[in-house]
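Novice: Read off the chains here:
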Amino acid sequence: MRFMTIYKPGQETTTPPTQEHMAAMGKFIEELAKSGVLVTTDGLQHSAKGARVRMNADGSFKITDGPFTEAKEIIGGYAIVNVKSKAEAIELTKRFLKVAGGGESEIREMHEQPAFESRSPSQFADAAHQRPQPEPTQ
Amino acid sequence: MFDVNRAIDAVWRIESPRLIAGLARITGDVGLAEDLAQDALVAALERWPQTGVPDNPGAWLMATAKHRAIDMHRRSKRIERKHEQIGHELDLQQEMNVSELDAAVDDDIGDDLLRLMFTACHPVLSTEAQVALTLRLLGGLTTDEIARAFVVPEATVAQRIVRAKRTLAEARVPFEVPRGTDRDARLSSVLGVIYLVFNEGYSATAGEDWIRPALCEDALRLGRVLAELARNDPEVHGLVALMEIQASRLRARTGPSGEPILLLDQDRGKWDQLLIRRGLTALARAEQLGGARGPYALQAAIVACHARARTAAETDWERIVALYDALAELTPSPIVELNRAVAVSMAYGPALGLELVDALRSEPALKSYHLLPSVRGDLLMKLGRLGEARSEFDHAASLTRNSRERAMLLDRSRKAAAGIQP
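First to last, the protein sequences are chains A and B. Residue numbers for the first sequence follow numbering that gives the first Met the number 0, beginning at 0 and rising by one. Residue numbers for the second sequence follow numbering that gives the first Met the number 0, beginning at 0 and rising by one.
Worth flagging that the hints you see were computed from the coordinates, not collected in a lab. Positions of the beta carbon are idealized from the N, C-alpha and C atoms, including for glycine. Don't take each hint at face value.
On the chain A side, residues computed to face chain B include the following (Cβ under 8 Å) [stated by the list, open to error]:
#1 Ser34
#2 Val38
#3 Ser84
The following label-pair restraints were derived from C-beta to C-beta distances [claimed, not checked]:
#4 B:Pro255 to A:Glu69: 39 to 45 Å
#5 B:Gly257 to A:Asp64: 44 to 50 Å
#6 B:Ala62 to A:Phe27: 17 to 23 Å
#7 A:Glu69 to B:Leu261: 48 to 54 Å
Next up, chain B with everything else stripped away, as it sits in the complex (with noise of 0.2 Å):
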């Protein structure tokens, strides 16, 4: 017999989005929205085990919510007539009856999921709360999901969402899309969290876990909403590319028992080609749209140039050195530069590579990144200077604070100190 309550989960991550967007718009509220929503999802666990799931379950949620939110309004209206001074304050309009509301739920979704994606990373409000709203409201996750992904109580997550739900309802976020040149800030907002999400399930900050699959999972499929809503935006397909090729290598990035492999040491057999084509096919299409200099656009293509390579001896390093050269220009950051020394030791030689990351050892904003020592230190294996790069490799796993990168780290430190040669 199927569980009917996995089957409401499964209809709840499936039509979630959509009815929180749906009614945000009706409201204007999203923490109104999302209360609604989750009464009607309440209805539902009452209903569905003795009625069965209804054909068309989400019109289902929809009407429930509506003629909850109906309910709220003829009571804050009758405590309006009592206590007017509160009364124009009032979340719903004052005119709004049934066929309003149907009129306003039968437009167009895919607009109000794209009002529900600005506004919940919307400016006032801080990263983490961006993060927690959008994977809440726009991935249908739970606090409790959304802790164990970034490791911090679950408590402090139901907090930030509150939070975060007043704080829009206080500056009085206009549920809405952003024109104009606004809009291209608020849309790298966006993008930026979606980025951050799947960065987190890529390469986990803290914790045992180094990757978190089910983050990038997540990541991908508002990236891929986003980009049928936006479908005219080149930096959401750039992204999007960005992604796809990332995490068409997350089966060969770990070993059996879960430690990091490096991309030059990968099975390229285990990548999966399916996401590669789906990421070059979106970076063709940020290209087309002429945003190939934007800076998602110019990181796919980056790892573009990976997955292209059929062995590690393949790769196009000069070509990457280039694009990192276009990127650091246009986002100059030390991490950047970083990635470029890389690059550069891979194209030019390890001699190379080690005068550009030395010259970022004086960087403040590099002090405590274990990537730079762990980078020196492969640098320093490869030219043969072996004690140096053991204390490098030491001083990397001393700064991380993910379990299984400190693992591989101490690994290399052994490996140089044994004189093992990569």
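Isolated chain A (complex conformation) (with noise of 0.2 Å):
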């Protein structure tokens, strides 16, 4: 199954990140795509350089342009991934927000692939049942 990760980092500063920081998401990414999850991501430009697009009631249309002033709301990156379940996508977005240094990253079950179901939740519960005899030692 596919998510989307979206990351809103709750504050839009126009100071690059430092050197460190990029090396360390950098890393981040790398593993991601080492382990075969990860389908794309990308970040976005400062919100100063976007839009915002509405349809009105009347089916007129607002554009405001950038920058937004809610900072909580604006989104600074996303990612898609495929992974056995959700617990998957939240434990890998923990990881990216460790690296990330903070805010808030919304999960969200991708649509499009409804063949993309998962297996029933594996039970680990009686793990200790299926582990094979261990063997005597050569």
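Reassemble the complex: the two chains are provided individually, in unrelated frames, and hints are given to aid placement.
Specialist: Put into structure tokens, the structure is as follows:
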């Protein structure tokens, strides 16, 4: 199943991230790619370069140029991950937020791939019983 | 309240391949490594519900498994003193101590994962064992999940895995990435296992579901991992390209009630452009590395022709025929010939395609292959020979073990009988 994670840093600054921060994030993304779960990811530029487009009830459009004022709502980046469960997406997101140094991520299962149903959650309660008998040491 | 068991499940999915790979290098024994990892998991299941999931769960699991390894080693040393005759046979190195264990684990984990893949797909194991072990050790699947995916009893899978681990230990298969020419042969067995998993998901040989997308996902994940670990092997990228592009069509391949929809009838708007793009990028990478003529890259190039065509009518069938020519030369097989015949029929007309298919009818390998009469039926339909087409579809339906596919073939048979042209 695929999830989109939408990252909201909670603040918007014009100062670029430090080199250490960039390196840590680069390493994290590389790890994510190496574990085979990352489908795509990108960061978004400052909201000053963006706009909001809204359709009014009468069918007319209202276009508001950035920057946006509600800092909490501003999206800083996104990722699409291919994982086994929502729990896995949550675990990965915790790791991402630690590297990002704060903020909030919204995790949403993608609708577009109904065929990618997960298996029913595995029951680890009986992991001990599932474990093969210890084999004699050679 | 978020269920801690689910969190543990998730951590296990993420961490278990690396955990087992690291432990396998320390112990030199994949079976023992998995036992140790499982012990750590059991410990986590006991502890984490009380303490919460630790900050760095992977490190916690590794530390726990290492302690267990050291305990075992000490215990076996005591036994060794009593029974010196078995002492030198012990799996753990004689001189191992805590700091060495730490140093061993801190090495590049990626290399360990690659070693684990090569070991799980070692030729000393049967294909079934390679598949089961790969999904178990690298995919983090439970035996139950593997059993359901391949529609076999769980006990069978469990036994396969136990035997596979014993075989590896008995054959003293070294935990390493092979070098030189050996590497190519071994790599192709790793690729073969991943592709087999993908294909079983993409078009299940038996059972109620025609596709099992979760298996496609597992294979894709393994392929993507391998592409990161073996970046300079063009065929790895060829295989990933092939799987990404095939997977891009998953949504379009079945109708509302799970019935198969054939390639040319699919709603291309449902194709996943993100996966297509990933696939085309991987294919370009394979070609850049000089691997355009590898068997997987060629197959990827063929599916890329479909992916690039916005409508079925835009498909470059002549290029597909040329690619099949190259593939047939490289890996001659009646199945490749059959596919080539389909491409020829699309590029140069059904009569020519039928000639090629007819030449395959005496092929023993295709005797019970349902797609031969299915393709033949299709071509006969196009040529207006409906009666013959009908009996081909009936024959094909009797050969497939997949119930969805059977239903589709019987439907085509009915349409042939009713004289409905495609």
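Novice: Hint by hint, say whether it matches the structure.
Specialist: Going through the hints against the structure:
| no. | hint | result |
| --- | --- | --- |
| 1 | Ser34 | holds, 7 Å |
| 2 | Val38 | holds, 6 Å |
| 3 | Ser84 | holds, 6 Å |
| 4 | B:Pro255 to A:Glu69: 39 to 45 Å | holds, 41 Å |
| 5 | B:Gly257 to A:Asp64: 44 to 50 Å | holds, 48 Å |
| 6 | B:Ala62 to A:Phe27: 17 to 23 Å | holds, 22 Å |
| 7 | A:Glu69 to B:Leu261: 48 to 54 Å | holds, 49 Å |
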